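> Top line first, the protein sequences correspond to chains A and B.
To convert a position in the first sequence, counted from 1, into my numbering, add 485.
To convert a position in the second sequence, counted from 1, into my numbering, add 40.
Hints in this document: simulated from the structure, not taken from any laboratory.
Mixed in with the good hints there might be a few duds.
[Stated by the list, open to error] Here chain B is said to cover these stretches of chain A; the calculated rule only asks that three of the stretch's residues, wherever they fall, bring their Cβ under 8 Å from a Cβ of chain B:
1. 520-532
2. 586-595
[Claimed, not checked] Simulated pairs of lysine-lysine, DSBU-like, Cα-Cα distance not exceeding 35 Å:
3. Lys593(A) - Lys84(B)
4. Lys91(B) - Lys548(A)
5. Lys593(A) - Lys540(A)
6. Lys81(B) - Lys556(A)
7. Lys94(B) - Lys593(A)
8. Lys540(A) - Lys81(B)
9. Lys84(B) - Lys548(A)
[Said to hold, decoys possible] What follows is a set of in silico ranges between Cβ atoms, one per label pair, in the way DEER data are often shown:
10. Arg152(B) - Pro567(A): 23 to 31 Å
11. Arg536(A) - Glu54(B): 43 to 51 Å
12. Leu106(B) - Ile595(A): 36 to 44 Å
13. Gly99(B) - Thr511(A): 13 to 21 Å
14. Gly68(B) - Lys597(A): 37 to 45 Å
15. Ala42(B) - Ala495(A): 31 to 39 Å
16. Asp552(A) - Gly111(B): 39 to 47 Å
17. Lys544(A) - Val78(B): 24 to 32 Å
18. Asn512(A) - Glu54(B): 34 to 42 Å
19. Leu547(A) - Thr154(B): 30 to 38 Å
Bear in mind the structure is a predicted one, so any value in this text is a computation, not a measurement.
Positions of the beta carbon are idealized from the N, C-alpha and C atoms, including for glycine.
Here is what each chain is made of, one letter per residue.
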Amino acid sequence: SQKIEQNSEALNIQEGKTATLTCNYTNYSPAYLQWYRQDPGRGPVFLLLIRENEKEKRKERLKVTFDTTLKQSLFHITASQPADSATYLCALDPMDSNYQLIWGAGTKLIIKP
Amino acid sequence: EAGVTQFPSHSVIEKGQTVTLRCDPISGHDNLYWYRRVMGKEIKFLLHFVKESKQDESGMPNNRFLAERTGGTYSTLKVQPAELEDSGVYFCASSQDPWGSAPEAFFGQGTRLTVV
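Make the full structure from the sequences, and use the hints.
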């Protein structure tokens, strides 16, 4: 079946280090993939979008890569801070979809001071 | 600029009752989406409006769910009658140009629905 997988276990990172989160998908050929941040009791907040013809996208301390051969996206936060602690979700829009975002379950990131 | 707002933030109702959730998208966003997250599961798509028209409602669980977007502005999602399995967080989102230059979606804070 078609699905997206994100690390279900929380990721604990020391402040200042780079946090890397993984998003793997199967049976899709997405036009683009998005990363969101979600804090408890809040809705997802859009962070970055990367298209199928892009290998890498950056925004400040954030970097996303997209490998359509491996069917994987990596999300990096450099110089991590405790304020970066949140759940990070990846979502993709299959090429043949009318904008039905398919979501991963999210990875909880904890940045320790 | 105001973001996507949802009302109420929480709702507790008894099985068999009716509940109506409201979503006000960002002004100028023609595209409006409803999603649901059941406890412990990933967010699931429910439906997509373009202005007042339902572009895609393939994610709606059953005919107890009715979504409307009269006039292409705010949207309502009504659950009637509610069942226990309808409990979860209902998110609304809007976007400007999903197939073009601005596909990112902006989410509301969600409505936590608890059916007891």
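> Can you give the numbers of the hints that this structure goes against, from lowest to highest?
none
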